[in-house]
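Which chain is which? The protein sequence lines are A, B, C and D, in order.
Going by my numbering, the residue at position 165 of the first sequence is 165; the numbering climbs one at a time, nothing skipped.
For my numbering, add 482 to where a residue sits in the second sequence, where the first one is 1.
For my numbering, add 964 to where a residue sits in the third sequence, where the first one is 1.
For my numbering, add 1446 to where a residue sits in the fourth sequence, where the first one is 1.
Hint data in this document are derived by calculation from the structure and do not stem from the laboratory.
Hints should not be assumed to be uniformly reliable.
According to the in silico footprint, chain B covers these stretches of chain C (three or more CB under 8 Å from chain B) [to be verified]:
id	stretch
1	1138-1151
2	1384-1394
No farther apart than 20 Å at their CA atoms in a straight line, the calculated lysine to aspartate or glutamate pairs in the EDC-like style are these [unchecked claim]:
id	chain 1	residue 1	chain 2	residue 2
3	A	K263	A	E327
4	C	K1337	D	D1818
5	A	K373	B	E696
6	C	K1425	B	D942
7	B	K943	C	E1166
8	A	K461	D	E1752
9	D	K1907	A	E306
10	A	K354	A	D329
11	D	K1694	A	D157
12	C	K1425	B	D736
13	B	K574	B	E635
14	B	K730	C	D1353
15	D	K1564	D	E1751
16	A	K248	D	D1906
17	C	K1212	C	E1166
18	D	K1490	D	E1806
19	A	K44	A	D405
20	B	K855	A	E214
21	C	K1212	B	D925
22	D	K1819	D	E1660
23	B	K943	C	E1269
24	C	K1337	D	E1752
25	D	K1819	C	E1178
26	A	K248	A	D258
27	C	K1053	C	D1121
28	A	K248	D	D1889
29	D	K1819	C	D1218
30	B	K574	B	D500
31	A	K461	D	E1751
32	A	K118	A	E306
33	C	K1212	B	D942
Glycine included, each C-beta is placed from N, C-alpha and C at the ideal position.
Protein chains: 4
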Amino acid sequence: MSETTTRRAVKASSAQHDIRIAYIGGGSRVWARALFKDLALCRKLTGRIALYDIDLSAARRNVGVAKEIFSHPQAQTSFKVSAVSSVDKALKGADFVVMSILPGPMQMFANDLDIPAKYGIFQAVGDTTGPGGISRALRCVPDYFAYGQQIMEHCPDAWVINYTNPMTLCTAALYAASPEIKAFGCCHEVFGTQARLAGLVEQYLGQRKPPRHEIEVDVSGVNHFTFVTEAHWQGVDLFPLIARHINKRGFFADRTADAVKQKEEGHWFRSQGLIAYDFFRRFGALGAAGDRHLAEFVPWYLTSEENLHRWGAILTPSSYRLGSWKEKDAAVAATIKATKAAKKSKKRAAAGLKLKRSGEEGLQMMLALLGDKPLDTNVNIPNRGQAPDLPLGAVVETNAAFRLDRVTPLVANPMPPLVTGLVNRVIDVQQATLEAAILRDRDQAFAALLSDPLVNIPTDKAWAMFNELLKANKAALKGWKI
Amino acid sequence: MSETTTRRAVKASSAQHDIRIAYIGGGSRVWARALFKDLALCRKLTGRIALYDIDLSAARRNVGVAKEIFSHPQAQTSFKVSAVSSVDKALKGADFVVMSILPGPMQMFANDLDIPAKYGIFQAVGDTTGPGGISRALRCVPDYFAYGQQIMEHCPDAWVINYTNPMTLCTAALYAASPEIKAFGCCHEVFGTQARLAGLVEQYLGQRKPPRHEIEVDVSGVNHFTFVTEAHWQGVDLFPLIARHINKRGFFADRTADAVKQKEEGHWFRSQGLIAYDFFRRFGALGAAGDRHLAEFVPWYLTSEENLHRWGAILTPSSYRLGSWKEKDAAVAATIKATKAAKKSKKRAAAGLKLKRSGEEGLQMMLALLGDKPLDTNVNIPNRGQAPDLPLGAVVETNAAFRLDRVTPLVANPMPPLVTGLVNRVIDVQQATLEAAILRDRDQAFAALLSDPLVNIPTDKAWAMFNELLKANKAALKGWKI
Amino acid sequence: MSETTTRRAVKASSAQHDIRIAYIGGGSRVWARALFKDLALCRKLTGRIALYDIDLSAARRNVGVAKEIFSHPQAQTSFKVSAVSSVDKALKGADFVVMSILPGPMQMFANDLDIPAKYGIFQAVGDTTGPGGISRALRCVPDYFAYGQQIMEHCPDAWVINYTNPMTLCTAALYAASPEIKAFGCCHEVFGTQARLAGLVEQYLGQRKPPRHEIEVDVSGVNHFTFVTEAHWQGVDLFPLIARHINKRGFFADRTADAVKQKEEGHWFRSQGLIAYDFFRRFGALGAAGDRHLAEFVPWYLTSEENLHRWGAILTPSSYRLGSWKEKDAAVAATIKATKAAKKSKKRAAAGLKLKRSGEEGLQMMLALLGDKPLDTNVNIPNRGQAPDLPLGAVVETNAAFRLDRVTPLVANPMPPLVTGLVNRVIDVQQATLEAAILRDRDQAFAALLSDPLVNIPTDKAWAMFNELLKANKAALKGWKI
Amino acid sequence: MSETTTRRAVKASSAQHDIRIAYIGGGSRVWARALFKDLALCRKLTGRIALYDIDLSAARRNVGVAKEIFSHPQAQTSFKVSAVSSVDKALKGADFVVMSILPGPMQMFANDLDIPAKYGIFQAVGDTTGPGGISRALRCVPDYFAYGQQIMEHCPDAWVINYTNPMTLCTAALYAASPEIKAFGCCHEVFGTQARLAGLVEQYLGQRKPPRHEIEVDVSGVNHFTFVTEAHWQGVDLFPLIARHINKRGFFADRTADAVKQKEEGHWFRSQGLIAYDFFRRFGALGAAGDRHLAEFVPWYLTSEENLHRWGAILTPSSYRLGSWKEKDAAVAATIKATKAAKKSKKRAAAGLKLKRSGEEGLQMMLALLGDKPLDTNVNIPNRGQAPDLPLGAVVETNAAFRLDRVTPLVANPMPPLVTGLVNRVIDVQQATLEAAILRDRDQAFAALLSDPLVNIPTDKAWAMFNELLKANKAALKGWKI
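Please model the entire structure based on the sequences and the hints provided.
Right, here's the structure in full:
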């Protein structure tokens, strides 16, 4: 067990909460580090963080990163961060459990994209839905199910915050382990939609662009396939603005040129929202996730790479996934090195570590759950009535009120019926996948895959693709006969 | 049309909202005057109030009262208050419609109590449920249905705040007129429960008694028959405290002596909460209204006046209803007179008008709807999913989030199944009564009455009682053949 | 193990089914003997019957009775009947399991009537609902739950026919043991309603009275609280006839005189159907059980013995229950003796055994399930959609199609909404009672009792009554702390 | 008005029902003539048939055909058949209304196939679902809605039997006109599945092939997309047989050769059931319609003509549709001519009219509704609970009991959840199409089309295709702005 103690003395004020965080996937290159920074910039919290990762060395590496972050001159607080060798050790006594794992080695993510592509099924992201998302779910659902059981054993009162995709199925697996678990899934995709609407406020109302959280949206659906059914800014209905915006001549014109440029430049995550607006035009509800996600839930935009380009969006290639993985580590190592060097030389190098808020809401959620500032935001939890047009019990994404030790869903508007139909279809596939993954049921897993909106190929070919995916996942599919 | 202009000049600040309020039942002795005072003490609002009442002279009398209130030295703002001769005049241009009417003359309220009593059915209040409540509903539902239509014609964007009982059926009648209406019903009964729980915090946690709004309750049911399924204060679960409290030796002992004393002293509205706690003991959910209300929804506490006394609660006699009606007017007249005299003599007489907040939340709701401070509180609106164990569409009481031009329900916990059963039974009777009242369907009205939990008498006698009630209501039952 | 072989040689025709019947409650004085006679008169069946009873001597007595029946000159077939000492022995290899037990000794049935009566709660029958029915359910539900498990172990493909009351809860307990069980509950109460309607055909249509099965009824509800929502004879709608019938002057006049006479004469099971018609008058659906049963599900007819008399119905006294029990045995013994004597003397004595069809449908159901004549009739099984206005999963009574190895429910009309409300209330109590009985949960059992429509007494008194009942049942309540 | 009287004297026996049939689409080349023959061969019925058709000459032609049929030597009864010039005349006094129309001229049917094909969407049939089915629905739903209203005006007690496709939407349009209408839709596709299973009985049980009605199936879904969830023959479970059958080596081998041959020979309606079995293999429920229909409801089999051929099924080309239309008329004319000639020459020519039962169940349904032989069979009516896993109110296909003046649905098994999902998706599209067709809502019609399982093309192209279809339908789309 490696451990770090921050140097700066922290004076515990009565307002400062002393908490324990268990981090499952504590070797995480992105989310864990973002959390450290967010925590470092918040004087209201202090305590301990236990990092667990199946790759203990990655967790240890993050202990080093954390050390630098909490000792940074801008840091407002410090946490004791340690890497632990078992989940149980991490969980004991935890107030919060943060989960962000990589389901299987990065090569498997690459397979999730490349194998379906051979069969003519292209995915822009591939981590949520479609053959890629289902393949990924088969790998991680059993782990999440087991983590859920361990959480209920060691820290049943802890709040569990999940960042891993497939978000819906990971969260659902926790609730499958115990309906009593206090878990929720967080996603920032809706924030992007709010930001886009804030742009319309600026453009059409002659106002300074408001911060995204001022855009009040009623949102419903499942993660990455959510819809805004109502949007206001300071009481102004934004739907007429959207209508005006998209009715402009040429608005829906072909954006292949943009996409091609983007691809050349490697801006893999950019999209223009044209698909989100196409949903608005065709179904009356605004897609509330990035176009690359939205496109994966329906059979219309990913019929070919060219078709996706037409909407100004691009595929993230598996090569990028494999490459970025290594680059991230290298970049962080370089930053840490530069930071240490700078400290030694008593000056801050340009290349050194910078503290900056991540824009994620995990920290605000924690604060609200600790009784600090109330927060109303979108979240993924089982449907208790908040999405009255979706099945009870399914993990859905709507707004909820975060208060002291409580997350209470706000009732969402029903979506337009055909959109509800599209979402229900996705939920059907998710429920079947969840069961198949827990029971290791090959036939049901295939039936689920076949029912996925992206699988519009002959059943024979789908069966071949499915088995190829299973084989590629073999090492991660414990308990399966492959 | 009589009109008043307040003397004090009001400087409209940018933060001050200029609103129009239509008050239906503007001759109201209690609610209208409470609202005037609450408004007078709130510097954030100004504007106009149009009072409509079928008794125009009562509305005019309130114009006089308002004049004194808004010219009171403590007043922070002023409103132009006028009495108008038609609903339409009141509604045109309204931002808010406040409704508090008396369904039929006070003598009919007396009949609602006295006629059932002849048949052995006693009601502690008689304005919500039971034969009295149904009789009252038959009188006022058609009016509310018509008001709903007029509101949709003249001010469809206005928020409609209802205070009239039967709360559920009046609110439901507005929605029967149009599902698009922006109406809700307000009730303070839950506040009393919060205050009682605040007392437990003081008693058992050694804290100063917290203000009632610090007690966070999850509430569900129908108005006056609501249940707390979860209660916290600063994260402390209050249910174990309740259990401890009621398990005290003698807690449920006979309280007849208290009741008799209360009756002698004429403290008609007091109750000790013993029935609310009896629900907790027997069903696991705390009754969240006064005992006199709760007792009317089940057949166990009102089998006789003595039985009610045993729980430390008493019947409000019809004689009191008739008497208080006149007394209230007299008291206000005296106050106004004293106030005017005092003003003349440049000093404030002891007997003069005092400005004091009512404790009602109508004003805070208005402010929240105007985009001011957000408010989460209990409210009566149609079930869109917030009470997943009750029928969709039925007017239920749960918490909701009041925000700028929006009321979004928060999803309530399900109640214990047998309590859900008790509430569903009440909802069945309410739905049937609503239809019967609108359609003037005598048979269905009787079938609804027969299904009421208080009607445990032979069907022949119930039929006789029903017809006696109809006859007593004849003047108020337009369109009925009686 | 005692066994009997019938003397007459039975020529097995290809059309004759050779079946094994397990009879749980095989000492049954009424149902078992009726079944023997029905079987004896049906040449299509032969085989073996194993009688199990906790009172082995009673089962043995029935072996003797069976011997006489199957050797009767009118008998068309024979069965080998034996008494077995364990349930398992009875069940092994069974094609049908017939269940008709007495829940607890007869004295407990007497208590079920007498204890509530002390608290002012009168029951006409006391075996289905109300305090008596709940008390009885607490005794027998755990046994049925265990029988269900044993059936699934020993003869999972057998059809289980239940005759025991409380019908709904006994059947529900079997399904609680396993949702895969092929069980149903039979009741003849609807037959009486059909017969009554056949009388109207005769009276108003100038036809010979048709047999009851020609009256086609759409029926829904729970056993003994069922409602006819539509009735036809040869395409003629009978509802206008009912309306005509009950609108006759004096139809609903006081029938106390009849009741008093009936009581004096000891015609305990007779009733005039006036309560069934009162439901029709008040709610628009015809009660489809005897008045003595219907009266127990609502609070209007059993407020006193006198009130019940007013409707021409009477209470069955506990003394009769105790007495008849002994008389039945004596009567059968005498018959058997006379039969034997007659056989010896080669002539049939007037007092000897007579074979006569029982009018029950158990045999026809068996035949239909064996692929013989199809049968559409009313039956008690879990709601799979057949009663769309009642909760899924609850045991309901509607029509169903009996075919070869299948019972498929026919979708019933929805009942009038207020009747649905009355039935739902009963279902709520039943579900809570079922759980309480299986879990031995005293608090929930009391909460269920309190929610019963007949319990309109103060909660303190109800609690006392409940505990008195528990004590009286002590010997039968295994696993309870009393 | 042209009229025919049959020559043979019919002796009205007491058992013979004298009925009036209104035939909407009375010029029908296939269904009307089949009905005449079925009627002619049934001695239990006589009466009048009024033929209405928007093509009066076609109706008149059928009067001539009917004349020959009912005067045929084998005819057992006769009907007076006339052609009438308005729907109202046909409907007045009708006991039965039979509906089989052609929605738009045959050229429009051809367009329904050819236009989507240009966009890469192939349909094997094109009359039920997919772009072709939706296009057809837009044409005929308004007519059916209007017919429904006229039926309720002129003969509200008549039973309405629909044969027109799209079956579900035509039937739904009648119920949209009035929920009180007594309408149902008939389809013989399930019969084919029964026949196929009868073949398995022969093949595997060593029995003579039983008639198809002996195969008892539990069926659920929507017309042409129905599933067998359970199948028995004389109590033998046929599902293990199906499993055995399809597990044979090579069973699912490529059947392109067969398909190509079939296509060359013009056997347009043949299929081998391989797709039905593929559903069984992948989802656990047997498709219960012809493969050409089943393939149209999912995106897997019609990705290309070649892919369909692989399953041994072929596309029906629009050229065949156009050609057969004319051929049918010619063939009938020839037959009638030959028949007349034969009659004249007192001998029956080989080419003359032959009376033969159609295999349709319309006649048996009529007989059952008239109180004759009860019939349990599959039928299309709104879901009242019979398909508990599908939305209430949607027109579904399950079994139902036909009895005297009643059709009572039998509760179907739930389908496997993923199959329910596939069916729900179709229902969503149908509901949206129904509304769009009645309201002439172009946007909703397109949104429905886009949601159809066959529409897996870019949204731009789908929009172009949709508008091309609208234009091609212009003459038939009254009230649309095109």
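Outcome of the hint check:
Under the rule that three or more residues need a Cβ within less than 8 Å of chain B, the assignment of the stretch 1138-1151 of chain C is violated, with 0 such residues. With a cut-off of 8 Å between beta carbons, the stretch 1384-1394 of chain C has 7 residues touching chain B; three or more are needed, and the interface restraint holds. At roughly 19 Å between alpha-carbon atoms, K263 (chain A) and E327 (chain A) fall within 20 Å of each other, so this suggested pair holds. Distance hint between K1337 (chain C) and D1818 (chain D) is fulfilled; the C-alpha atoms sit about 17 Å from each other, no more than 20 Å.
For the suggested pair K373 (chain A) and E696 (chain B), the alpha carbons sit about 14 Å apart, so the restraint of at most 20 Å is met. At most 20 Å may separate the alpha-carbon atoms for a hinted pair to count; K1425 (chain C) and D942 (chain B) exceed this at roughly 27 Å. At most 20 Å may separate the alpha-carbon atoms for a hinted pair to count; K943 (chain B) and E1166 (chain C) exceed this at roughly 33 Å. Distance restraint check for K461 (chain A) and E1752 (chain D): the Cα-Cα separation of roughly 14 Å lies within the 20 Å cut-off, and the hinted pair is therefore satisfied.
For the suggested pair K1907 (chain D) and E306 (chain A), the alpha carbons sit about 14 Å apart, so the restraint of at most 20 Å is met. At most 20 Å may separate the alpha-carbon atoms for a hinted pair to count; K354 (chain A) and D329 (chain A) meet this at roughly 16 Å. For the hint linking K1694 (chain D) to D157 (chain A), the alpha-carbon distance of about 55 Å lies beyond 20 Å, and the restraint is violated. Pair hint K1425 (chain C) plus D736 (chain B) holds up; C-alpha atoms about 13 Å apart against a cutoff of 20 Å.
Pair hint K574 (chain B) plus E635 (chain B) holds up; C-alpha atoms about 9 Å apart against a cutoff of 20 Å. With a C-alpha separation of about 44 Å, the suggested pairing of K730 (chain B) with D1353 (chain C) is violated against the 20 Å cut-off. Restraint check: the Cα-Cα separation between K1564 (chain D) and E1751 (chain D) comes to about 13 Å, which is no more than 20 Å; the hinted pair holds. Between K248 (chain A) and D1906 (chain D) the CA atoms are separated by roughly 17 Å; this keeps the pair inside 20 Å, and the hint holds.
Among the hinted pairs, K1212 (chain C) with E1166 (chain C) is consistent with the structure: their alpha-carbon atoms are about 17 Å apart, no more than 20 Å. Of the supplied pair hints, the one linking K1490 (chain D) and E1806 (chain D) holds, its CA atoms being roughly 17 Å apart against a limit of 20 Å. In summary, the hint linking K44 (chain A) to D405 (chain A) is supported, as the alpha carbons are separated by about 17 Å, within the 20 Å threshold. Our distance criterion of 20 Å between C-alpha atoms is met by K855 (chain B) and E214 (chain A), whose separation comes to about 14 Å.
Taking the CA atoms of K1212 (chain C) and D925 (chain B), the gap is about 18 Å. The hint holds against a cut of 20 Å. For the hint pairing K1819 (chain D) with E1660 (chain D), the CA-to-CA distance comes to about 16 Å; that is within 20 Å, so the pair holds. Restraint check: the Cα-Cα separation between K943 (chain B) and E1269 (chain C) comes to about 16 Å, which is no more than 20 Å; the hinted pair holds. With a CA separation close to 50 Å, the supplied pair K1337 (chain C) and E1752 (chain D) exceeds the 20 Å bound.
Only pairs whose Cα atoms come within 20 Å are accepted, and K1819 (chain D) paired with E1178 (chain C) is accepted, the gap being roughly 14 Å. Between the alpha carbons of K248 (chain A) and D258 (chain A) the distance comes to roughly 19 Å, so the proposed pair stays at or under 20 Å and holds. The hinted pair formed by K1053 (chain C) and D1121 (chain C) meets the criterion: a straight-line CA distance of about 16 Å does not exceed 20 Å. Restraint check for K248 (chain A) and D1889 (chain D): satisfied, since their Cα atoms lie roughly 18 Å apart, inside the 20 Å limit.
The suggested pairing of K1819 (chain D) with D1218 (chain C) is violated, with an alpha-carbon distance near 45 Å, which exceeds 20 Å. Note on K574 (chain B) and D500 (chain B): the hinted pairing holds, with a Cα-Cα distance of about 15 Å set against a maximum of 20 Å. For the hint linking K461 (chain A) to E1751 (chain D), the alpha-carbon distance of about 16 Å falls within 20 Å, and the restraint holds. Between K118 (chain A) and E306 (chain A) the alpha-carbon distance is near 16 Å, which keeps this suggested pair within the 20 Å criterion.
Of the supplied pair hints, the one linking K1212 (chain C) and D942 (chain B) holds, its CA atoms being roughly 17 Å apart against a limit of 20 Å.
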